[in-house]
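Model the placement of chain B on the given structure of chain A, informed by the hints.
The listed protein sequences derive, respectively, from chains A and B. With the working numbering, letter number 99 in the first sequence gets 99, and the count goes up by one each step, no holes. With the working numbering, letter number 85 in the second sequence gets 1085, and the count goes up by one each step, no holes.
What the hints contain is simulated information worked out from the structure, not anything from laboratory work. Treat the hints with care, since some could be wrong.
Cut-off 27 Å, straight-line C-alpha distance, at most; resulting in silico cross-link-like pairs (DSS-like, lysine-lysine) [claimed, not checked]:
| no. | chain 1 | residue 1 | chain 2 | residue 2 |
| --- | --- | --- | --- | --- |
| 1 | B | K1167 | A | K139 |
| 2 | A | K245 | A | K277 |
| 3 | A | K299 | A | K167 |
| 4 | A | K268 | A | K256 |
| 5 | B | K1245 | B | K1256 |
| 6 | B | K1139 | B | K1167 |
| 7 | A | K299 | A | K245 |
| 8 | A | K256 | A | K238 |
| 9 | B | K1314 | B | K1299 |
| 10 | A | K20 | B | K1018 |
| 11 | A | K139 | B | K1020 |
| 12 | A | K245 | A | K44 |
| 13 | A | K167 | A | K139 |
| 14 | B | K1277 | A | K167 |
| 15 | B | K1299 | B | K1167 |
| 16 | B | K1277 | B | K1245 |
| 17 | A | K18 | A | K101 |
| 18 | B | K1139 | A | K139 |
| 19 | B | K1167 | B | K1277 |
| 20 | B | K1139 | A | K18 |
| 21 | A | K20 | B | K1139 |
According to the in silico footprint, chain B covers these stretches of chain A (three or more CB under 8 Å from chain B) [as the list claims (entries may be wrong)]:
| no. | stretch |
| --- | --- |
| 22 | 19–33 |
| 23 | 79–87 |
| 24 | 127–134 |
| 25 | 141–151 |
Some chain B residues well away from chain A (every beta-carbon gap over 10 Å; in silico) [what the hints assert, rightly or not]:
| no. | residue |
| --- | --- |
| 26 | L1016 |
| 27 | Q1063 |
| 28 | H1082 |
| 29 | A1141 |
| 30 | G1191 |
| 31 | T1230 |
| 32 | A1252 |
| 33 | I1264 |
| 34 | Q1291 |
| 35 | S1328 |
Backbone N, C-alpha and C define an ideal beta-carbon position, used for all residues, glycine too.
Protein chains: 2
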Amino acid sequence: MIQSYEPLLALFHSHLEKYKSGLSTLEPEELYAPENYILSLGGKRVRPLLALIACDLFGAPPQRALNAALCVELFHNFSLIHDDILDQAPLRRNQPTVHHKWNTNIAILSGDVMLVKAFDVLQSEPAEQMIPLWRVFTKTAIEVCEGQQWDMNFEQEAEVSVEAYLKMITYKTAVLLGCSLRMGAICAGAGEAAQEAIYHFGKHLGIAFQLLDDKLDAFAEDAEAFGKQTGGDIISNKKTFLLLKAFEMANAGQRKRLQEALQIKADKAAEKVQLVKTIYSELGIEQLVQQEADLHTSKAIAYLHALNVNNDKKVLLEQFAGALLNRSV
Amino acid sequence: MIQSYEPLLALFHSHLEKYKSGLSTLEPEELYAPENYILSLGGKRVRPLLALIACDLFGAPPQRALNAALCVELFHNFSLIHDDILDQAPLRRNQPTVHHKWNTNIAILSGDVMLVKAFDVLQSEPAEQMIPLWRVFTKTAIEVCEGQQWDMNFEQEAEVSVEAYLKMITYKTAVLLGCSLRMGAICAGAGEAAQEAIYHFGKHLGIAFQLLDDKLDAFAEDAEAFGKQTGGDIISNKKTFLLLKAFEMANAGQRKRLQEALQIKADKAAEKVQLVKTIYSELGIEQLVQQEADLHTSKAIAYLHALNVNNDKKVLLEQFAGALLNRSV
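Next up, chain A with everything else stripped away, as it sits in the complex (with noise of 0.2 Å):
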């Protein structure tokens, strides 16, 4: 974390923990357990400090994007429990998901429930805010769902594109970063102009993020420090960007190779790990994800260098995007 962020999160944290102590005196209890329980998990909570910082960055108090920050974090929180279903994860932070340690039942309703709650803390904001938050949080929550279901169809689907990936992964996860920072630039009065650029920053920034995620699953030199096993997605077939991409690049030879990779079964997964990773080396995968990662994030850096704000508020910005990208959040 950078250091001047401090401050910022530990205010959320504390309006967090409020709202929490609020919920465990709410019934039904199996509604509102889940709910906490999810909340407790911890996590960088990336999007509500995203909120709190842009509200500083336009010159107002970050308190002031408090409620827009929760509404995030909820948000992002239901989807969690919703996906966890989807996916049937067992476990998420190393803990069990809602549906594991509740039933499915309860994780579909208590993340209906949050989902309301999500609107339900943007009331006591004034009216004049109420309505641009209320139009940039429906947008993105409807795109958050588009993006999940478009995530869900690939799998099913024998042949995606790069560029169908690209608008998937910017509505399933960057669309909700930009949001976040809208949120907090509205909170502080900034204009429409500005609210877009902190928007654009926001979402060049989740696509680059998720495009080195995929890079790292596949590249990560210090495995425990990404905290997730190297080559899960070529195991699992996931399609993402380096083997969308890899398809779109290989030569017949090099196609049929890595089709022939993708049928081998798990109880040899180094093998296909190996196998898979050598045609994306002679295809320069590894390069091609870190290009188009660094376009994006050079596009976000464009948005925000443009912005007439405290510089030296754009540098502690810039510094965190840079610290999210290299995973030092």
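Relative to chain A, chain B alone:
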């Protein structure tokens, strides 16, 4: 349908058709086809109609409440999609439920996006109405989720009080009727006291409706008109007002007979229904549920009478309420 309300219903249907044709242009198709499907299964459209009726009752053109009407209808249908998953229901209005026609993942996600869209359609409302609309809608949406969770909890609980049951049906069913009317009143620019009154009219009407639903399940003279198998609740040991009231009133002998009757398996369904209904008859349960429903109907009508609005329109709404309770809407 009360003849005078037919133009309002036609108004809503035309608005809904426009919304649905917008849906069919959206992607990914898997996300929006289920929404289009469930909105096409029909239904009495009681909630949106109530929103339009209230707007008209308070002297504004009913067109003003079309988005509020759409909002409550989208929310209601979202809740049907998710409730059908929770209940593992194969059919809804004699057609396959969404999770049967597609799958559970698609049903979860298309329900989620529909819930967001319920908020989204309010976006174009004038700023001064948006906040009160948002307030009553989020509060109600939360209560409906709570009611659904209470209902799920009751299935697992050995003892449920009549009082807890009344609270559950209030949340699960009745508040959305009150909310629909209140949203219509807000769109008409009605004052706070009038909004409250029409809300309580709808809420008590909803409680009466559900109690009569419980009664008809056991005592419908014309099962075909009621549209369900008579005694279905008894066969499935559903904790309705009738069963809970019977346990509350029963002496030791009757309680023992009731408990024995509940153990009877599905292959002796007719015998089970007969035994339980004999005990209901001894305890006067049919009269008690009718009395409780009448109490809430009277409360509803008292709220309506106290309103300072056009008397002819009041009489019309009272007739509609009567028709709704008599299942002739």
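To see whether the hints hold, each was checked on the structure:
Restraint check for K1167(B) and K139(A): the C-alpha separation of about 35 Å exceeds 27 Å, so the hint is violated. Taking the CA atoms of K245(A) and K277(A), the gap is near 13 Å; set against the 27 Å cutoff, the hint holds. Taken as a hint, the K299(A) and K167(A) pair is honoured in the structure, with Cα atoms around 16 Å apart against an allowance of 27 Å. Taking the CA atoms of K268(A) and K256(A), the gap is near 19 Å; set against the 27 Å cutoff, the hint holds.
Proposed proximity of K1245(B) and K1256(B) is supported: the alpha carbons are some 15 Å apart, at most 27 Å. Taking the CA atoms of K1139(B) and K1167(B), the gap is near 15 Å; set against the 27 Å cutoff, the hint holds. Pair hint K299(A) plus K245(A) holds up; C-alpha atoms about 21 Å apart against a cutoff of 27 Å. For a cut-off of 27 Å, the pair hint linking K256(A) to K238(A) stands: about 18 Å separates their Cα positions.
In summary, the hint linking K1314(B) to K1299(B) is supported, as the alpha carbons are separated by about 15 Å, within the 27 Å threshold. Distance hint between K20(A) and K1018(B) is unfulfilled; the C-alpha atoms sit about 41 Å from each other, more than 27 Å. A threshold of 27 Å between alpha carbons decides the hint, and for K139(A) with K1020(B) the separation of about 18 Å falls inside it, so the pair holds. Distance hint between K245(A) and K44(A) is unfulfilled; the C-alpha atoms sit about 30 Å from each other, more than 27 Å.
Simply put, K167(A) and K139(A) have alpha-carbon atoms about 15 Å apart, close enough for the 27 Å limit, and the pair holds. The hinted pair formed by K1277(B) and K167(A) fails the criterion: a straight-line CA distance of about 60 Å is larger than 27 Å. With a C-alpha separation of about 16 Å, the suggested pairing of K1299(B) with K1167(B) holds against the 27 Å cut-off. Proposed proximity of K1277(B) and K1245(B) is supported: the alpha carbons are some 13 Å apart, at most 27 Å.
Taken as a hint, the K18(A) and K101(A) pair is honoured in the structure, with Cα atoms around 24 Å apart against an allowance of 27 Å. As the CA atoms of K1139(B) and K139(A) are separated by approximately 21 Å, the hinted pair is consistent with the 27 Å bound. As the CA atoms of K1167(B) and K1277(B) are separated by approximately 25 Å, the hinted pair is consistent with the 27 Å bound. Taken as a hint, the K1139(B) and K18(A) pair is honoured in the structure, with Cα atoms around 20 Å apart against an allowance of 27 Å.
Using a Cα cut-off of 27 Å, the hinted pair K20(A) and K1139(B) holds, with the two alpha carbons roughly 18 Å apart. Only residues whose C-beta sits within less than 8 Å of a C-beta in chain B count toward coverage, and the stretch 19–33 of chain A has 4 of them, enough to reach three; the restraint holds. As drawn, the stretch 79–87 of chain A meets chain B at 3 residues by the rule of a beta-carbon pair under 8 Å; at three or more, the given contact holds. Counting residues of the stretch 127–134 of chain A whose beta carbon lies closer than 8 Å to any beta carbon of chain B gives 5, which reaches the threshold of three, so the coverage claim holds.
Given a C-beta distance limit of less than 8 Å, the hint that chain B covers the stretch 141–151 of chain A holds, as 7 residues qualify and 3 suffice. Separation of L1016(B) from chain A is adequate, the least Cβ-Cβ distance of about 19 Å exceeding the 10 Å criterion. Distance check for Q1063(B) against chain A: the nearest CB is about 21 Å away, which clears 10 Å, and the non-interface claim stands. Not every C-beta of chain A lies more than 10 Å from that of H1082(B), the closest at about 6 Å, which undercuts listing it as non-interface.
Consistency note on A1141(B): stated as away from chain A, yet its beta-carbon is not over 10 Å from all of that chain's, at 4 Å minimum. Every CB of chain A is more than 10 Å from the CB of G1191(B) (nearest about 18 Å), matching its label as outside the interface. At roughly 28 Å from the closest C-beta of chain A, the C-beta of T1230(B) stays outside 10 Å, upholding its exclusion from the interface. With a closest Cβ-Cβ approach of about 31 Å to chain A, A1252(B) is found to remain outside the 10 Å limit, as its non-interface label requires.
Annotated as non-interface, I1264(B) keeps its C-beta farther than 10 Å from every C-beta of chain A; the closest such distance is 27 Å. At roughly 28 Å, the least C-beta separation between Q1291(B) and chain A is larger than 10 Å, which holds for a residue marked as non-interface. Every CB of chain A lies more than 10 Å from the CB of S1328(B), the least distance being 33 Å, so the non-interface label holds.
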